[in-house]
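A.B. asks: Produce the entire structure from the sequences given, and follow the hints as far as they go.
Line by line, the protein sequences are chains A and B. Using the working numbering, the first residue of the first sequence is number 298, and each one after it goes up by one. Using the working numbering, the first residue of the second sequence is number 4, and each one after it goes up by one.
Everything labelled a hint here was simulated from the structure, so no lab data went into it. Misleading hints may appear alongside valid ones.
Pairs of lysine-lysine, BS3-like flavour, derived with a Cα cap of 25 Å [claimed, not checked]:
1) K317/A with K57/B
2) K317/A with K11/B
3) K5/B with K310/A
4) K788/A with K850/A
5) K299/A with K617/A
6) K321/A with K834/A
7) K310/A with K55/B
8) K643/A with K321/A
9) K25/B with K317/A
10) K348/A with K38/B
11) K24/B with K321/A
12) K310/A with K24/B
13) K734/A with K522/A
14) K57/B with K310/A
15) K55/B with K317/A
16) K310/A with K25/B
17) K321/A with K35/B
18) K562/A with K24/B
19) K375/A with K406/A
20) K24/B with K299/A
21) K317/A with K38/B
22) K10/B with K310/A
23) K321/A with K38/B
24) K323/A with K25/B
25) K8/B with K317/A
26) K317/A with K5/B
27) K643/A with K299/A
Note that the structure is predicted; figures quoted are calculated from it, not measured.
Spelled out from the first residue to the last, the chains are:
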Amino acid sequence: MKNELLYPWDINKFILNKNKYLNKIKFKKNNIITIKTFGGYTNNDLFDWVKIFSSNYNLKVNFINSEWGRSHELVNQKINYNKFDIMLIMSNFFDLEKDINKISKSLIKNIISNIFIKWEEANNNSKIVFQTLIENSPSNYYDLHIESINEKINYINSHIALKAKKFSNVKIIPTNNISNQIGLNNYFDIRNWHSFGQYKTYAGLINVAHSISSSVSSIYGRSKKLIILDLDNTLWGGVFADDGIGEISLGPDTNDGRAYYEFQKYILKLKKQGILLSICSKNNYDNIRGVFSHPYMLLKEKDFISVIINWEDKYVNIKKIFKELNLTEESCIFIDDNKIEREEVKQYLPNVAVPEINDDPSKFIEIIHNNKFFTTFSENTNEDKIRNKSYNQNINRNNYKKKFENKDIFLKSLNTKINIKKLDNFSLDRSVQLINKTNQFNLNSTMVEKNQFLKFAKQNNSFIFTADVKDKFGEYGIISIIYGNINNSDKSIIILNWVMSCRIFNRKIENSIFIYINNYFKAKGIKKIKSTFIQTKHNNYIINLHSTLKFNKINTKHPREFWEYNIGSKKLEDNINKLTV
Amino acid sequence: MKADKIKKELNLIFRDVFDDKKLNINNKTNAKSIKRWDSFMQMNLILSIESKFKLSLSSREIEKLKNVGDMISLLDNKLNA
Numbered sequence: 298m299k300n301e302l303l304y305p306w307d308i309n310k311f312i313l314n315k316n317k318y319l320n321k322i323k324f325k326k327n328n329i330i331t332i333k334t335f336g337g338y339t340n341n342d343l344f345d346w347v348k349i350f351s352s353n354y355n356l357k358v359n360f361i362n363s364e365w366g367r368s369h370e371l372v373n374q375k376i377n378y379n380k381f382d383i384m385l386i387m388s389n390f391f392d393l394e395k396d397i398n399k400i401s402k403s404l405i406k407n408i409i410s411n412i413f414i415k416w417e418e419a420n421n422n423s424k425i426v427f428q429t430l431i432e433n434s435p436s437n438y439y440d441l442h443i444e445s446i447n448e449k450i451n452y453i454n455s456h457i458a459l460k461a462k463k464f465s466n467v468k469i470i471p472t473n474n475i476s477n478q479i480g481l482n483n484y485f486d487i488r489n490w491h492s493f494g495q496y497k498t499y500a501g502l503i504n505v506a507h508s509i510s511s512s513v514s515s516i517y518g519r520s521k522k523l524i525i526l527d528l529d530n531t532l533w534g535g536v537f538a539d540d541g542i543g544e545i546s547l548g549p550d551t552n553d554g555r556a557y558y559e560f561q562k563y564i565l566k567l568k569k570q571g572i573l574l575s576i577c578s579k580n581n582y583d584n585i586r587g588v589f590s591h592p593y594m595l596l597k598e599k600d601f602i603s604v605i606i607n608w609e610d611k612y613v614n615i616k617k618i619f620k621e622l623n624l625t626e627e628s629c630i631f632i633d634d635n636k637i638e639r640e641e642v643k644q645y646l647p648n649v650a651v652p653e654i655n656d657d658p659s660k661f662i663e664i665i666h667n668n669k670f671f672t673t674f675s676e677n678t679n680e681d682k683i684r685n686k687s688y689n690q691n692i693n694r695n696n697y698k699k700k701f702e703n704k705d706i707f708l709k710s711l712n713t714k715i716n717i718k719k720l721d722n723f724s725l726d727r728s729v730q731l732i733n734k735t736n737q738f739n740l741n742s743t744m745v746e747k748n749q750f751l752k753f754a755k756q757n758n759s760f761i762f763t764a765d766v767k768d769k770f771g772e773y774g775i776i777s778i779i780y781g782n783i784n785n786s787d788k789s790i791i792i793l794n795w796v797m798s799c800r801i802f803n804r805k806i807e808n809s810i811f812i813y814i815n816n817y818f819k820a821k822g823i824k825k826i827k828s829t830f831i832q833t834k835h836n837n838y839i840i841n842l843h844s845t846l847k848f849n850k851i852n853t854k855h856p857r858e859f860w861e862y863n864i865g866s867k868k869l870e871d872n873i874n875k876l877t878v
Numbered sequence: 004m005k006a007d008k009i010k011k012e013l014n015l016i017f018r019d020v021f022d023d024k025k026l027n028i029n030n031k032t033n034a035k036s037i038k039r040w041d042s043f044m045q046m047n048l049i050l051s052i053e054s055k056f057k058l059s060l061s062s063r064e065i066e067k068l069k070n071v072g073d074m075i076s077l078l079d080n081k082l083n084a
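C.D. replies: This is the structure we're talking about:
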């Protein structure tokens, strides 16, 4: 995480340092996301910034640009859908410029229908579409009746936005909101348009690029999962242990108090979206807990999945939080008003996002929100909502574990039930999300896209199993996906990937799933299971998975390891977890 | 700011924009002498110049620029007017 790329942005610094950022992007050759664009006129700098912002989420993006022209005309051509992953249709104000004085009903109809036909086509070809909306007119420079132009633009936008709700493959990039937010005068640059064919200011271009890359990172499951918060001067004004409950700023009586109260509301909203909250504060726990009875303290102790209050260095405590929750640095943002604390966390945990919130609470929401850390597209999966509950149950389980000395006896006593099913419509969203979000238990970091995955599921020679788990403490939902191909000619199956949520690590769940796979394919006459492991920065947890499951290593071509397992004559028994089908 | 100081700053901008640490410009340097100097690079150059020297150039001024010498004298005029 390059924290200098976080909002608030220094646009001048960005102009001067673009190449420096661009040249630092280094990635393995696999997992390149290709975006094919239509329209937008001069896009080079926009593309560069999408690449730069996406690299902050460890995603490598490449572009295939269209010719120069109006998006609704360019899109009206034969498209080879095998060449890219995402199609970006950049409708914009200058698409309309030529006809600005005669935007007629038939022109609007023509624009809209051209676009909708391509959405449909992309959907049939299992492709994601990013569709930008049209900005309001930059000024009455173009027309004296500016209101009537904007009326027409708003009409087109609302049609596009409404229609997009019916397409699961179409995501709107709200360029019209961006131009409103930063102001049309800061978004459009007519001098740039006449001089370079670039109608946006650099600020406009940075904002749109950031919006596109947030959408990419969201589809590929890179949104943040956890916020770690400081207490004094972050959730309220003042030092609670010194000032006391009557003196801190929180609530309607002071400027700061109102701002902190709004900030807590915002944090609670994020929690409802499924974001985990955690406290990391240098304090004495007994001196601080009284704050939760403050009448305007919206956040309660139970809202936090973990609370660490002591005098140790914050990065040490944060590492403990990651361990307790089985999360990685990349999934977390750290919020602290104290510059020194922020710098220390950046130094020791360079992959944690640390926005520069500084010390004005009325700016906190803007700074955090504009980073689009949590971009989700309406479909919050059921698992997102139960995630908070599930982590809480995990902490109960850990306390319970301390009572047992023998791990197997402990595991058995949890009464774990694993239900293995073939992928269906109900599990599709969650499965795609799990595959793309999981880092630690992931054989090769392959990413999948929903429509393509559904297509894969429908093939005769493929298999996709999902596993959901419950135990005496509660339900986890779907926590593992294993999928691959069946090769009937040599009686083998190939595991293309296997992922598992970190929430159920150390429970021998992988053994149980493997036993199921073994028995299922044994009954179908399959003799061999093939699998490939690619070591990444994050999947150390499963470095010995194949040898533990008694696979034989056939070959190594760094970083790839090729493994095979011979299905024996015996049916394997699971004596820890209970398998149901 | 004197012309030779402007030239030095300009050279740093050129090195950044063309990502070439050894690039040296002179008054005659133009779009023909630097291979990658196309309209996109022109935009990056102009925006970088505007950021660095804290001024803004008009379309007309941009269009008249034929080489680095023109850039230096334009900046010299605007900064020392």
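A.B. asks: Each hint: holds or not?
C.D. replies: Verification of the hints:
Using a Cα cut-off of 25 Å, the hinted pair K317/A and K57/B holds, with the two alpha carbons roughly 21 Å apart. Taking the CA atoms of K317/A and K11/B, the gap is near 20 Å; set against the 25 Å cutoff, the hint holds. Among the hinted pairs, K5/B with K310/A is consistent with the structure: their alpha-carbon atoms are about 24 Å apart, no more than 25 Å. Simply put, K788/A and K850/A have alpha-carbon atoms about 19 Å apart, close enough for the 25 Å limit, and the pair holds.
Our distance criterion of 25 Å between C-alpha atoms is met by K299/A and K617/A, whose separation comes to about 23 Å. Taken as a hint, the K321/A and K834/A pair is honoured in the structure, with Cα atoms around 18 Å apart against an allowance of 25 Å. For the hint linking K310/A to K55/B, the alpha-carbon distance of about 9 Å falls within 25 Å, and the restraint holds. This hinted pair checks out: K643/A and K321/A have alpha carbons roughly 18 Å apart, not beyond 25 Å.
For a cut-off of 25 Å, the pair hint linking K25/B to K317/A stands: about 15 Å separates their Cα positions. With a C-alpha separation of about 24 Å, the suggested pair K348/A and K38/B falls inside the 25 Å cut-off, and the hint holds. Pair hint K24/B plus K321/A holds up; C-alpha atoms about 15 Å apart against a cutoff of 25 Å. With a CA separation close to 18 Å, the supplied pair K310/A and K24/B stays within the 25 Å bound.
A C-alpha spacing of about 10 Å is found between K734/A and K522/A, which places the hinted pair at or below 25 Å, so the restraint holds. Between K57/B and K310/A the CA atoms are separated by roughly 12 Å; this keeps the pair inside 25 Å, and the hint holds. Restraint check: the Cα-Cα separation between K55/B and K317/A comes to about 16 Å, which is no more than 25 Å; the hinted pair holds. A threshold of 25 Å between alpha carbons decides the hint, and for K310/A with K25/B the separation of about 22 Å falls inside it, so the pair holds.
Note on K321/A and K35/B: the hinted pairing is violated, with a Cα-Cα distance of about 28 Å set against a maximum of 25 Å. With a C-alpha separation of about 50 Å, the suggested pair K562/A and K24/B falls outside the 25 Å cut-off, and the hint is violated. Taken as a hint, the K375/A and K406/A pair is honoured in the structure, with Cα atoms around 21 Å apart against an allowance of 25 Å. Proposed proximity of K24/B and K299/A is supported: the alpha carbons are some 23 Å apart, at most 25 Å.
Among the hinted pairs, K317/A with K38/B is consistent with the structure: their alpha-carbon atoms are about 20 Å apart, no more than 25 Å. Distance hint between K10/B and K310/A is fulfilled; the C-alpha atoms sit about 20 Å from each other, no more than 25 Å. Our distance criterion of 25 Å between C-alpha atoms is met by K321/A and K38/B, whose separation comes to about 23 Å. Of the pairs offered as hints, the one joining K323/A and K25/B holds, with about 23 Å between alpha carbons and a cut-off of 25 Å not exceeded.
Under the criterion of a C-alpha separation no larger than 25 Å, the hint pairing K8/B with K317/A is consistent with the structure, at around 24 Å. Among the hinted pairs, K317/A with K5/B is inconsistent with the structure: their alpha-carbon atoms are about 28 Å apart, more than 25 Å. For the hint pairing K643/A with K299/A, the CA-to-CA distance comes to about 9 Å; that is within 25 Å, so the pair holds.
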